[in-house]
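These are the residues of each chain, in order.
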Amino acid sequence: MPRYAVRFASLGYLALILVAPVGLVFWRSFEHGWDPFWAAVSNPDAVHALRLTLEVAVVAVPLNTGFGVLCGLAIVRRRIPGMGLVNALVDLPMALSPVVVGLALYLLYARDGWFGGWLLGHGVRVLFAYPAILLATMFVSLPFVVREVVPVLREIGTDQEEAAATLGASAFTTFRRITLPAIRYAVAYGVVLTTARSLGEFGAVSIVSGGIAGRTQTLTQYVQASYENFDQTGAYAASVLLALLAVATLLAMTILRPRGDRSA
Amino acid sequence: MAIEARNVTKRFGEFVALDDVSIDVESGSLTALLGPSGSGKSTLLRVIAGLEAPDAGEVLISGNEATALAPQKRGVGFVFQHYAPFTHMTVWSNVAFGLQIRRRPKAEIAARVDELLELVQLSGLGRRYPTQLSGGQRQRMALARALAAEPEVLLLDEPFGALDARVRKELREWLLRLHDEMDVTTIFVTHDQEEALELADSIVVMNKGRVEQAAPPRELYDEPANAFVMSFVGPVNRLDDAWVRPHDVELQHEPNGSTREAQVERVVRLGFETRVDLVRDDGERLHAQLSRDEADLLELEQGDIVFVRTRRERTFLDDRNLV
Numbered sequence: 157m158p159r160y161a162v163r164f165a166s167l168g169y170l171a172l173i174l175v176a177p178v179g180l181v182f183w184r185s186f187e188h189g190w191d192p193f194w195a196a197v198s199n200p201d202a203v204h205a206l207r208l209t210l211e212v213a214v215v216a217v218p219l220n221t222g223f224g225v226l227c228g229l230a231i232v233r234r235r236i237p238g239m240g241l242v243n244a245l246v247d248l249p250m251a252l253s254p255v256v257v258g259l260a261l262y263l264l265y266a267r268d269g270w271f272g273g274w275l276l277g278h279g280v281r282v283l284f285a286y287p288a289i290l291l292a293t294m295f296v297s298l299p300f301v302v303r304e305v306v307p308v309l310r311e312i313g314t315d316q317e318e319a320a321a322t323l324g325a326s327a328f329t330t331f332r333r334i335t336l337p338a339i340r341y342a343v344a345y346g347v348v349l350t351t352a353r354s355l356g357e358f359g360a361v362s363i364v365s366g367g368i369a370g371r372t373q374t375l376t377q378y379v380q381a382s383y384e385n386f387d388q389t390g391a392y393a394a395s396v397l398l399a400l401l402a403v404a405t406l407l408a409m410t411i412l413r414p415r416g417d418r419s420a
Numbered sequence: 006m007a008i009e010a011r012n013v014t015k016r017f018g019e020f021v022a023l024d025d026v027s028i029d030v031e032s033g034s035l036t037a038l039l040g041p042s043g044s045g046k047s048t049l050l051r052v053i054a055g056l057e058a059p060d061a062g063e064v065l066i067s068g069n070e071a072t073a074l075a076p077q078k079r080g081v082g083f084v085f086q087h088y089a090p091f092t093h094m095t096v097w098s099n100v101a102f103g104l105q106i107r108r109r110p111k112a113e114i115a116a117r118v119d120e121l122l123e124l125v126q127l128s129g130l131g132r133r134y135p136t137q138l139s140g141g142q143r144q145r146m147a148l149a150r151a152l153a154a155e156p157e158v159l160l161l162d163e164p165f166g167a168l169d170a171r172v173r174k175e176l177r178e179w180l181l182r183l184h185d186e187m188d189v190t191t192i193f194v195t196h197d198q199e200e201a202l203e204l205a206d207s208i209v210v211m212n213k214g215r216v217e218q219a220a221p222p223r224e225l226y227d228e229p230a231n232a233f234v235m236s237f238v239g240p241v242n243r244l245d246d247a248w249v250r251p252h253d254v255e256l257q258h259e260p261n262g263s264t265r266e267a268q269v270e271r272v273v274r275l276g277f278e279t280r281v282d283l284v285r286d287d288g289e290r291l292h293a294q295l296s297r298d299e300a301d302l303l304e305l306e307q308g309d310i311v312f313v314r315t316r317r318e319r320t321f322l323d324d325r326n327l328v
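Protein chains in written order, with the numbering used here: chain G, 157 to 420; chain L, 6 to 328.
So that you can see chain L by itself, here it is in the shape it has in the complex (with noise of 0.2 angstroms):
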């Protein structure tokens, strides 16, 4: 089902958490609210749940108007940060809740959730408490238990933040294969640009309550709306009045016309890539990521001289000077 936001505003007392916000979700699409704490993307994720009431602007589901509609009437799957798993209840049941709630027959209760608990790789755990799982299987539990209900639309709130980097990676290709097999539409919130990279084909950046740009990953990497989408997503330099990504900055060992002096000061191996810091003639500093082949065939050493030729620079006319 496709969301849209219109005008969105909220505010917690003095604190504006959404300013005007208007968003536009294609069905059946995975999509990113990508911004650093405090921009209101949780807030918009937890107003399109109606989980809470915007102050202004409305919120419409598949078309129709949602915004005074109650959170249980929406047909919205909803994975909380900490996962709020029912902690009386065993994992089967937290699963089956949705299910009984809405007085479906036991056999098929029963055969859902065990569908459920196989998709999630939680089968044979059904008699666990939430207390007794792990993270990223409590996780997969909270997901499950959205999911049971056969909802059009999932949304999840930070949904990998609180897993150690292994299981994080292990769960964003596991979320994206579910979100391919399965017809459903997915937004989700997260503060890590490298996430929504890897898994949105479709990335809202917000900041300070306002919507900065909503864009396909690529196109939001290649043309930033704004400076502040330019430094949030993606590493950048800063260069004067212009902004470059450090694998746009080219190092060789003679000057031409174009290129600037500078002086290696750190060389860091981070296996494929290699990142160089450099300080600029004039006491600029500047960060050059090389593929691993490229930085050996310069044989760059701590101290060295090097001439630096950027591509693609970019410079914004409300540069809000925001990294």
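Looking at chain G on its own, in the form it has when it is part of the complex (with noise of 0.2 angstroms):
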């Protein structure tokens, strides 16, 4: 009988916090059928917001999965002085809140911010434009990868880098044959979790990026704007949108971690 009862709130606590908010969400998307739903995405601002999200999650992503296994070697297979500073630093995007992540980009990139005006001076603009976005991605989907594959690193040792070591590979042939594929799977469930956050990022985003429609409006800015100029349909239509990216990610990852592996 305990085991009905925890099966039953478990799956009703699901039902209730996930599957009702996002089923409602398909519904409303398609309750006057296709021709609604298809006008709302193929509006050019919902395209362009789209194609923004995309670019965006295209850049941050590879750059943080470099980033993010480098930083577990070092983390774990160097023993540089300042490396826990940097293990915890990792952490700071999990813990602050975007929009104090975008604010800080605001005040660093403004025009009398400290790398604003000499940026501008030269011609690059930061702020409510492409980079601005990127970077605000890039920092709020930073510790993914670190964290999935630092316990994975741990895990392992050193003996079957050691072991290569003395068969004459060399530093970098042992991370391309033994390294990198033991850690595969983090690496891969790491970039599954950096798309999901680099597309849904909002908070620090919608700071920084200025929210011009058709111009530096992400997917769920756009959502926000549909929403508040009671476009519900169009709201819906791109959130359907945004849940079918999130499906794709999951699935990606389903796919990847094989059965039973521990490191997934």
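In short, the hints are calculated from the structure, not lab data.
Here the structure is a predicted model, which means the values were calculated and not measured.
C-beta: ideal position from N, C-alpha, C; glycine also.
One should not assume that every hint holds.
A partial selection of chain L residues facing chain G, derived with a Cβ cut-off under 8 angstroms [said to hold, decoys possible]:
1) A54
2) V81
3) F91
4) G131
5) Y134
6) W179
7) P260
Some but not every residue of chain G turned toward chain L, in silico, with C-beta under 7 angstroms [stated by the list, open to error]:
8) P249
9) A251
10) D315
11) Q316
12) E318
13) A319
14) T322
15) L323
16) A325
17) P337
The following residues of chain G were derived to be distant from chain L, with all beta-carbon distances above 12 angstroms [unchecked claim]:
18) L170
19) V175
20) L206
21) V232
22) L276
23) Y286
24) R310
25) I312
26) L412
Grab the two chains, each in its own frame, and use the hints to assemble them into the complex.
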């Protein structure tokens, strides 16, 4: 009996918190059929917002993946003084509200900020443009690969890497043929989480992007703007796009994660 | 190739793992580094392999200074204590790794890997993954992998430590044959004195980061340099200030000038040999090791009074009471 109670409670909780809201979005998007949905998502501003969101993710995810793997190696494998601090700093984006991140970037790159004046003087526009959106997204999605990779690196230990070295493999060959395959599922999982976070980022981006429709508006911002303009169909349709992107990343994760693999 | 370590010191923080250690390993020999855990034997092996950099001292391979040489360049095969298999590769790829690194032609690699798998009795298991092998098979795979690139030095860290007794015995005999067939200088680390005595033609006894004695097995057993070696290599009794091996304890029913009275506490029959636990009249305990026939002749029973005579007693000036 208690077993059923636990099952019922957890399923009920999931239904209430997760399934109902997402389901409602889908239902409202399609309640008048396919045509209004298609009209809403093929609106040029919506298409642009989707494209901008993807363009940001396509740059932010590989950069944070590369950084994440290197940073994980540095934290676990090298005895570099100060790595403990780095390890703690990596978690900052998890703890910090994205709004604060946005504000910090704003202060840094505004005309009278530390970097903003100089950059503008050299013709580089950061705020209210692609660079600021990218920076904000990279900031908030920074920790995921590191957090996935570090425990797996700790677990596999240095034995295999040392064995490769005694067999004549250079540091790079050891990384490519031994370390990377051993952490591949952790990296893949980290990539999926990074992607999901990049696609869904709203708080930090909404402060630094300016949210100009058709120019600096990301998909999440498009949802908000549509909603505020009483364009409920547009808001729901864009939400469905976001949800579909999320489903696609989750699917990728499920495919990438081998059954019963400990590292994922 | 001959290997030499000269005045090697290695610290891990406050802990001194190796304290001014010098050893000399003859080319083509099978040498054991024997000692209790924490004696520095594995650290010494890792220093020789280049996996650990010494704080002081030097390593010479074939007379050439190798202290600062990267492990990749030492021409050393290393078998790790837990074998360190490449878990995402098949057995075949594990063995081929060292050859692929050296960019040997594919046909040569295939031929060599098949030959090695045959040698370590893993033919037909090449497509398995290391997790699908038993402990003994994994161990042999690690050996084949280390031997693939034809190293002139083979280093083994507790090679049989994680295996059950029967497999261990098999592998020992097999390693001995392998060493005889291949011209490779072999050093292995062990805490098992029996293993060292059985396999090695030279044994380096280590304790607390220092070398206690380096000698052939027989010399080590018959002429231990100090009380530690005496007590660590082979079974031992301590009587007053002297040490004596259990097989040098003689029992008889009648006293004569040099015997001491003792009572039989227990008689343990271990197949061929019989171990007799005794308590001397002054309360000191000792063991005697008799052949089965000797024991049968004496008809020993628990509680019997016997007379003990000892041969080849040893005393050491530096006796540090280490048993």
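Quick rundown of the hints versus the structure:
1. A54: holds, 6 angstroms
2. V81: Holds - the Cβ of L/V81 comes within 8 angstroms of chain G, reaching about 6 angstroms at its closest.
3. F91: holds, 6 angstroms
4. G131: Nearest chain G Cβ about 18 angstroms off; hint violated.
5. Y134: violated, 12 angstroms
6. W179: Hint violated; L/W179 Cβ to chain G Cβ min 21 angstroms, cut 8 angstroms.
7. P260: violated, 60 angstroms
8. P249: violated, 31 angstroms
9. A251: Because about 33 angstroms separates G/A251 from the closest Cβ in chain L, which is outside the 7 angstroms limit, the hint is violated.
10. D315: holds, 4 angstroms
11. Q316: holds, 5 angstroms
12. E318: Holds. Min distance 5 angstroms.
13. A319: holds, 4 angstroms
14. T322: For G/T322, the interface hint holds, since the closest Cβ of chain L sits about 4 angstroms away, which is under 7 angstroms.
15. L323: Constraint on G/L323 satisfied, holds at 4 angstroms.
16. A325: It holds, given that the least Cβ distance between G/A325 and chain L is near 5 angstroms, below 7 angstroms.
17. P337: holds, 5 angstroms
18. L170: Label holds. Min Cβ-Cβ 35 angstroms, cutoff 12 angstroms.
19. V175: Given that every Cβ of chain L is farther than 12 angstroms from that of G/V175, nearest at about 37 angstroms, it holds.
20. L206: holds, 37 angstroms
21. V232: holds, 17 angstroms
22. L276: holds, 49 angstroms
23. Y286: holds, 39 angstroms
24. R310: holds, 16 angstroms
25. I312: violated, 8 angstroms
26. L412: holds, 15 angstroms
Hint check: violations occur at hints 4, 5, 6, 7, 8, 9 and 25; the rest are consistent with the structure.
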